[in-house]
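J.: Sequence lines, in order, name chains S and R. Residues 1 to 103 (the working numbering) make up the first sequence, in order. Residues 1 to 267 (the working numbering) make up the second sequence, in order.
Worth flagging that the hints you see were computed from the coordinates, not collected in a lab. Virtual Cβ for every residue (Gly too), placed ideally from N, Cα, C. Any given hint could be a false lead.
Said to hold, decoys possible - Short, incomplete list of chain R residues facing chain S, as computed with Cβ under 8 Å:
id : residue
1  : Ala35
2  : Asp39
3  : Gly40
4  : Pro42
5  : Leu45
6  : Ala48
7  : Glu51
8  : Lys162
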Amino acid sequence: MADPMRIRAQAAGGKATVRVLMSHEMESGQRKDAAGKTVPAWFIQEVTANLNGKQVLAAEWGPAVSKNPFMQFTIKGAKAGDKVAVTWKDNKGDTRTDEATVS
Amino acid sequence: MKTVFPLSIAAAMALALTPAAAQKTASQGIDEYRAMLADGNPAELFEAKGEDLWKKARGPKNASLEKCDLGKGPGVVKGAFVELPRFFADTQRVQDLESRLVSCMETLQGFNSAEISKTPFGRGEMANVTAMATWISAESKGLKFNLSQTHTQEKTFYEVGKRLFFQRGGSHDFSCASCHGEEGKRIRLQDLPVLTKNPGDGLGFAAWPAYRVSNGQMWSMQLRLNDCYRQQRFPYPGFGSDATIALSTYLGVNAKGAASIAPAIKR
C-alpha cells in the first residue's frame with residue numbers, strides 16, 4: 001500500500017488553491033542499479049481530482065515527473081467545506097486516493 | 001560618421017548595462033528556487049511517516065515510542081530537538097537525536113541497536129529512524145537552539161568536537177574548518193555557513209534534517225556529517241559514534257539562539 005498524500009486546499013476570492021504532495025518513487029526506467037541492470041520504470045500515469053465527487057482535473061503523467069511529486073492547481077467556485085479528492089494510478093496498477101476539506 | 005559613433009557606443013553601453021543590472025547573483029537564484037520548492041517540501045511526507053512510527057506499537061516487545069525520553073521527560077517531543085545532543089543519565093552518555101531514538105527502540109521496543117546502527121542510510125529501520133527524526137525536528141520548528149553545557153561530559157564533548165572540527169587529515173589534508181571556518185566559502189554554488197559561531201537562523205546545524213531534491217532523499221544530521229567526511233576523503237564515521245555526537249555538540253552549542261527551520265529543503 002502506498003504512503004498517504006498530503007493535500008491542502010484553501011479558498012480565497014471565489015476559488016480554491018489545492019496543493020498536493022504525493023509519495024512515489026517515480027522511477028524513470030532509464031537508471032541502472034549497482035549490478036548494471038535496468039531499474040524497471042515505475043511512475044504515476046493518471047492523476048484525477050474531484051470536487052464533491054465531480055471530476056475537475058484529469059492528467060496523464062510520464063516518467064519525467066520528479067520523485068515525491070508536488071502538484072498545485074486552482075478550482076473555480078470551490079468554497080470552504082467542499083471536499084477535494086485526488087487519485088493517482090501508477091503503471092503497476094497501484095492506486096491511491098486521499099481527500100481533504102477546503103478551508 | 002562622427003555623429004554615428006557616439007550613438008552606437010551609447011547603444012552598446014545601454015545593452016551592456018541593462019542585463020547586468022537585472023542579473024541576480026547565483027546564490028539569489030538558488031534562494032528563489034528554494035523558496036519555490038519550500039511550498040511543497042516532500043519532507044512533510046517523512047514527517048507524517050515518522051509521527052506514525054513513533055505512535056505505532058512495533059518491534060519484538062510490540063510497544064510504541066511514546067514513553068521515550070528525549071531529554072524533556074518521557075514522551076515530550078516539542079522542544080526536544082533544539083536541546084540535543086545532551087547527557088542522558090540512563091545511558092550514561094551524551095546522545096544526539098538519532099542515537100537516542102535507537103536506544104529507545106532497543107529499551108522500549110526490543111530492537112537490536114547495534115544492528116540498526118550498521119544498516120545503511122535509507123534502508124530498513126535506519127530509514128524509520130530518519131523519518132522519526134524528521135518529525136521530531138519539525139515539532140521544534142521556529143524554536144531557538146539552546147544546548148545544555150552543565151554536565152562534565154557535555155563540556156568534554158564540546159571540546160572534543162571543536163578539536164575534530166579543526167583536525168586536518170585525509171588525502172586532501174582537509175578539516176571541517178577548511179570549508180566552514182571563514183566567510184564567503186562555497187562548494188559549487190552552495191554558500192557554506194561558518195560553523196565556528198552562530199551562523200544565523202536556519203543555517204548549518206539548524207537546517208538538518210533536510211530533503212534533498214537532487215536525489216529525492218531525506219538526510220538526517222548523522223548522514224550530513226557522514227557525507228562531509230566522505231567529501232573530505234576521511235573514513236566513514238560510525239553511526240551514532242562519539243565523534244559524530246561530539247561534532248554535533250560543538251555545532252549545536254555554537255548555534256545557540258539560532259532558530260531551527262528543520263526539516264529544510266536543499267537543492
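J.: Of the hints stated earlier, which fail here?
T.: Numbers 1, 7, 8 - these are the hints that the structure violates, sorted from lowest upward.
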